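There are 4 protein chains.
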Amino acid sequence: MGANKELRVGLVGCGFMGRTHSNAFGKVNRFFDVEYQPVLAAVCARNRASAQAFADNWGYSSFETDWRKLVARKDIDLIDIASPNDTHAEIAVAAAEAGKMVMCEKPLGRNAAESEKMAAAVESARTPNMVWYNYRRVPAVTLAKQLVDEGRLGKIFHYRAKFLQDWTISADLPQGGLGLWRLDASVAGSGVTGDLLAHCIDTAMWLNGPIATVTAMTETFIKERSHAITGKVEKVTIDDASAFLARFQNGSLATFEATRYARGHKALYTLEINGADASIMWDLHDLHRLQYFDHSDEGRVRGWRALHITDGDHPYMKHWWVPGLQIGYEHTFIHQVADFLEALASGKPASPTFREALATDYVAEAVLQSANSGRWEQVRQ
Amino acid sequence: MGANKELRVGLVGCGFMGRTHSNAFGKVNRFFDVEYQPVLAAVCARNRASAQAFADNWGYSSFETDWRKLVARKDIDLIDIASPNDTHAEIAVAAAEAGKMVMCEKPLGRNAAESEKMAAAVESARTPNMVWYNYRRVPAVTLAKQLVDEGRLGKIFHYRAKFLQDWTISADLPQGGLGLWRLDASVAGSGVTGDLLAHCIDTAMWLNGPIATVTAMTETFIKERSHAITGKVEKVTIDDASAFLARFQNGSLATFEATRYARGHKALYTLEINGADASIMWDLHDLHRLQYFDHSDEGRVRGWRALHITDGDHPYMKHWWVPGLQIGYEHTFIHQVADFLEALASGKPASPTFREALATDYVAEAVLQSANSGRWEQVRQ
Amino acid sequence: MGANKELRVGLVGCGFMGRTHSNAFGKVNRFFDVEYQPVLAAVCARNRASAQAFADNWGYSSFETDWRKLVARKDIDLIDIASPNDTHAEIAVAAAEAGKMVMCEKPLGRNAAESEKMAAAVESARTPNMVWYNYRRVPAVTLAKQLVDEGRLGKIFHYRAKFLQDWTISADLPQGGLGLWRLDASVAGSGVTGDLLAHCIDTAMWLNGPIATVTAMTETFIKERSHAITGKVEKVTIDDASAFLARFQNGSLATFEATRYARGHKALYTLEINGADASIMWDLHDLHRLQYFDHSDEGRVRGWRALHITDGDHPYMKHWWVPGLQIGYEHTFIHQVADFLEALASGKPASPTFREALATDYVAEAVLQSANSGRWEQVRQ
Amino acid sequence: MGANKELRVGLVGCGFMGRTHSNAFGKVNRFFDVEYQPVLAAVCARNRASAQAFADNWGYSSFETDWRKLVARKDIDLIDIASPNDTHAEIAVAAAEAGKMVMCEKPLGRNAAESEKMAAAVESARTPNMVWYNYRRVPAVTLAKQLVDEGRLGKIFHYRAKFLQDWTISADLPQGGLGLWRLDASVAGSGVTGDLLAHCIDTAMWLNGPIATVTAMTETFIKERSHAITGKVEKVTIDDASAFLARFQNGSLATFEATRYARGHKALYTLEINGADASIMWDLHDLHRLQYFDHSDEGRVRGWRALHITDGDHPYMKHWWVPGLQIGYEHTFIHQVADFLEALASGKPASPTFREALATDYVAEAVLQSANSGRWEQVRQ
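Residue numbers (my numbering), protein chains in the order written: chain L, 1 to 381; chain B, 1 to 381; chain R, 1 to 381; chain Z, 1 to 381.
Simulated from the structure, these hints should not be mistaken for laboratory data. Every value quoted in this text rests on a predicted model; they were computed, and no experiment measured them. You may find that some hints are simply not true.
Pairs count within a copy or across copies, as identical chains cannot be separated in the list.
Said to hold, decoys possible - Each computed DSSO-like pair below joins lysine-lysine, with the alpha-carbon atoms no more than 30 Å apart:
1) K155 / K5
2) K235 / K155
3) K266 / K145
4) K155 / K117
5) K318 / K74
6) K5 / K266
7) K348 / K74
8) K74 / K223
9) K232 / K117
10) K155 / K223
11) K74 / K145
12) K348 / K266
13) K69 / K232
14) K266 / K155
15) K74 / K232
16) K5 / K235
17) K69 / K155
18) K74 / K266
19) K223 / K5
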């Protein structure tokens with residue numbers, strides 16, 4: 001379409017998230033008529049062969065093996081961070097100081113302290129920034145946001161969310177290293193709290209406002225695992241499961257739960273909001289549907305409506321195929337890039353910014369504190 | 001409640017349907033405030049021990065082993081026929097001639113010729129009569145009827161129904177005899193056409209008016225089975241599966257199918273109607289739900305509504321428990337008795353009458369003719 | 001069937017629960033071949049007209065307006081308590097002291113102190129006793145219990161349950177009085193904690209063993225309501241919503257929630273258990289289904305199985321209709337009576353006894369304490 | 001990845017299908033490690049501006065406005081036909097004669113006569129060819145094929161398929177012209193028979209073998225519509241709805257139906273197969289799930305399994321994201337290109353070939369004949 005301004009992207013990390021981001025950068029202009037066009041300028045990974053193979057596969061013009069070189073390059077406009085969590089803060093701060101735009105995979109930092117530095121850095125540099133909380137851009141979730149913002153739900157009483165997986169149940173799974181750094185708290189920051197609950201919290205506050213207080217519990221079911229890097233059996237330091245009760249500032253009550261020990265569920269992120277006038281439910285395993293209950297419907301034919309989010313009047317969907325035909329997971333990243341590019345063109349911030357993502361880290365921080373203290377904890381605002 | 005007029009029931013047959021009817025007669029006055037109260041006067045079965053045990057269990061005051069004696073008794077107001085299909089016509093005609101009210105399990109006769117005699121007999125005797133097409137009284141189906149009658153669906157384009165079972169797939173199952181007379185055409189009249197399709201046809205015409213023409217196919221997958229009565233391997237004479245295309249008089253198109261060879265389905269009776277303005281779907285395996293799509297809903301939040309038919313404003317439901325709590329299969333019979341008793345009190349016919357049930361037999365007749373002729377057949381009206 | 005020993009029942013209370021119990025007593029012998037036959041000897045209600053009408057409708061031979069007279073009658077074997085919660089303890093203790101068998105609606109007492117007295121009384125009198133936690137006898141839930149007991153789930157990691165309703169959202173609803181005593185804590189003991197969570201807790205401990213510790217929150221969304229008895233606007237004393245995190249003694253984690261402010265849900269009691277080897281889910285709105293995930297299935301065709309609990313090899317179902325045909329809410333009470341009668345014949349206790357139900361009250365007690373203290377509370381064992 | 005052989009594509013048509021194909025050609029090498037790499041050499045459309053805009057958007061190196069010039073170009077290896085049905089035969093035959101590989105949108109021709117010429121042309125030219133019956137490459141459908149081929153279903157008794165849409169219900173919709181040529185039989189060949197039923201038939205024969213005989217009905221609900229090209233109200237010549245009964249050569253029975261008048265359904269393509277040992281169901285509106293019933297499961301826990309087709313051992317899925325994360329409609333085209341490229345590398349035909357697609361046209365031909373004759377028609381083989 002009419003894209004005529006280049007946005008030269010330097011990607012750090014060529015794992016799972018590097019793929020989703022690259023696919024999004026490469027595809028957005030085919031489907032969205034935006035002023036900017038991402039150009040895949042360079043990818044960076046420590047392993048030279050990986051970096052080169054990734055660059056070849058995705059069409060990056062060049063590659064680096066040291067992120068500092070990438071950040072220093074003049075021909076890069078945007079640094080996109082898709083490497084493990086322990087690298088986020090250092091890279092983001094350096095990129096901001098170098099005047100680059102910065103996009104960062106979630107969670108922002110390993111902890112709120114790191115995230116604060118990152119938010120401060122991009123704000124000090126006055127540079128566009130965004131965190132990849134991609135589930136906001138599932139069309140069904142975006143529609144939920146519209147319905148809430150239109151006041152259709154009325155006073156909110158309840159929010160509940162959970163994110164259930166089952167991939168770490170085997171005690172034979174090692175921790176650390178390639179593909180498994182999420183099981184090593186020194187790299188990941190935390191376990192499911194930062195990995196899965198962070199998504200739930202981000203969406204929740206986007207839809208229902210700030211969380212005020214929490215009480216939580218966490219558990220590590222498998223206490224020791226061999227470590228893929230050291231080769232030794234070491235204590236597992238992450239939380240395998242995390243659940244908390246919360247009160248939002250608007251007076252509504254919430255339950256949140258995440259685990260990697262829910263046999264039968266792969267990525268079952270579900271959310272529900274109950275308002276005085278309407279309720280909504282959503283489920284990542286059927287991400288193209290939104291369940292909607294409208295109390296104003298006539299009694300006899302009142303019921304949960306299964307909205308099939310594939311029509312042209314649904315968020316983002318006019319850009320894709322025809323009614324009835326689904327899109328999937330990868331499209332949430334494309335939507336996020338499209339929104340970032342539109343925001344860039346209009347000079348507005350793209351949401352969630354580092355500052356907004358920091359709020360999620362404050363909740364995660366309170367959750368982990370409460371799991372330790374056994375008390376209700378205030379969330380920093 | 002206030003029931004003060006006795007209706008003395010004489011039941012013929014003490015198998016599965018004898019149980020559902022007895023339960024309905026015995027329970028209706030606990031939940032419905034009707035003028036009449038069924039009194040379980042007598043049950044009749046050829047086997048003396050069975051008749052006595054059944055009478056004891058259900059509280060019948062007496063029993064008979066010859067239905068002619070039952071029909072002749074002065075202390076019986078209503079003959080209820082729940083014996084195999086080959087007995088329906090003779091008993092019904094005799095009962096009508098004896099001035100009894102008559103209720104009859106479906107299908108009415110083994111074929112339209114028998115049914116015509118039965119309809120003529122009750123009309124000649126001017127006696128109340130009804131056929132147990134119980135699925136009309138599933139609250140969700142009754143609500144569907146209300147929605148159609150209110151014109152909510154607009155012009156009807158499509159009707160589709162199927163009734164899928166899987167209980168006769170094993171070639172080791174014998175035909176004929178106790179519990180298996182449905183596999184013997186000389187007793188049953190036909191196979192799934194009269195057993196399962198008859199239900200689909202009855203509901204369809206109730207909801208969507210007369211069927212004009214049909215083209216059909218039937219199949220007998222297992223060609224020979226041992227016969228439980230003769231002990232010999234005999235040709236199977238029933239249709240194991242039956243499907244037909246139809247045109248209703250109102251111009252809508254239909255597909256119908258029934259089988260006992262649909263692995264995984266026990267009693268999956270489903271129906272769907274598509275109108276210009278709305279559509280409905282229903283499924284016997286979740287009989288307390290009605291799926292409803294209303295095109296007048298605003299586009300973005302338009303979707304199939306899963307109506308949970310448990311509220312006080314849903315048909316029959318104020319008589320039962322509280323919202324959210326289900327009733328089941330047996331309640332359809334209780335509703336039918338309640339409606340019969342109310343009709344009796346008001347002097348009106350209770351639907352479906354023998355005459356109305358005969359219309360279903362005319363469709364079944366055309367279906368079997370077409371399966372034989374390979375041509376479209378007109379349905380007798 | 002072969003029932004030949006009479007069990008003369010004296011029912012206290014003729015509201016909603018009086019109906020479900022009466023239906024169960026009246027119907028059990030039609031479908032279950034048990035030695036004892038309940039005889040509806042007397043019903044008791046303060047209002048004479050109500051008592052008489054109820055007796056007439058359900059076939060009780062007599063009625064009383066003072067429960068003390070009922071308890072004193074020699075021709076009563078069993079006192080069944082279906083009156084509001086504030087009457088449970090006094091009646092149950094008196095009945096036990098009079099040597100009667102005692103059945104009691106849940107929750108046992110308004111609080112653990114009352115329940116302790118009740119449990120002590122029936123044990124001291126060595127009289128059969130049972131509490132109507134009816135959801136244990138939903139066939140799908142009973143099957144869940146079988147699967148757990150057979151060890152199919154392996155080590156349990158997670159339990160989650162919620163009970164969602166929406167009937168008290170309107171601020172115009174009064175509290176107290178006929179049909180609304182559940183909104184008056186002086187009568188009910190508590191709000192949703194004793195009413196709804198008690199069901200969740202009872203099932204949970206039956207399936208997964210004792211709960212060790214809890215942390216909870218409760219909320220009263222509507223602070224004042226007019227009182228139907230006093231006619232004044234009074235402070236609402238019940239909890240409208242209640243949620244808690246828990247740790248079971250077996251090391252598994254749990255989330256529990258109940259509310260009457262979940263728009264769109266009428267009686268949505270759901271439960272899920274995740275074990276290392278299998279998981280199960282159940283939902284009261286589709287009570288005839290059990291969702292089951294078996295990790296030992298071959299990978300490619302591994303998935304959640306929707307078990308349609310209508311077959312003869314499913315708990316209780318051989319007593320009802322044929323495969324594919326549902327039963328509903330009321331049948332859970334019939335099953336409970338059947339089990340009570342069988343236990344009586346065999347001289348064993350019928351579960352849950354008063355002692356077992358007391359354990360649920362200890363959890364509810366800890367929940368309410370925690371909601372007040374803001375701390376984790378130990379559950380009394 | 002390792003693609004090192006170029007396959008220079010010349011696309012005809014830049015409508016909806018031009019987009020899906022272009023997306024597939026452009027994306028396949030990012031996710032599939034195949035020897036060949038499609039190169040977007042040229043796109044052809046009659047309207048110069050459209051052709052240029054499409055080329056710019058999708059990255060085609062050049063464009064043409066006359067397909068004959070495209071076919072004549074030496075720098076094109078493959079002609080891909082995504083223009084309206086009335087152009088398929090002429091272009092395909094010319095392309096084959098020019099020695100090009102040919103891919104063609106379905107249906108192959110407007111009728112079997114055209115399709116025969118096309119099949120003969122590619123076979124005479126011995127050139128690789130394929131028809132875009134994309135739904136074979138939905139991973140759930142491909143898994144269904146695997147299960148059938150492994151014999152898991154046992155003897156097949158029943159097949160049923162339907163494709164329901166609702167986009168032409170309004171009488172105000174014109175026929176003919178841009179985006180609406182599917183309503184003009186002179187362009188499309190037929191209505192829903194060639195558009196929707198063709199998909200159902202292709203999948204059905206792929207899964208269950210040849211169809212032997214059919215009996216059908218068709219209907220045109222809106223008899224006249226204004227024509228977008230002539231500007232006049234003209235008779236509607238397509239079939240709005242089409243349904244047929246069929247017998248497969250393997251003895252199984254089938255029902256098929258397609259319509260654009262099923263209010264509430266956008267693209268509801270569903271299929272079900274019932275075998276003696278297992279059954280499967282699939283639904284395009286939830287395309288990432290396959291319902292599977294295995295009769296060999298132990299009775300008590302036997303039920304329909306909802307397979308979530310997102311795992312690495314499911315067809316095609318190891319190329320995408322991680323378990324639990326969905327792909328959508330567009331990916332079926334990418335899979336088809338990947339399979340075509342692999343077949344090319346191995347020298348084998350890619351399915352369905354023109355010859356295989358012709359078999360579908362023979363069934364459609366028999367359906368339309370039967371709808372006219374009112375008789376069962378043999379399908380040409």
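Unsatisfied constraints (hint numbers, rising): 1, 4, 5, 6, 8, 9, 11, 12, 13, 15, 16, 17, 18, 19
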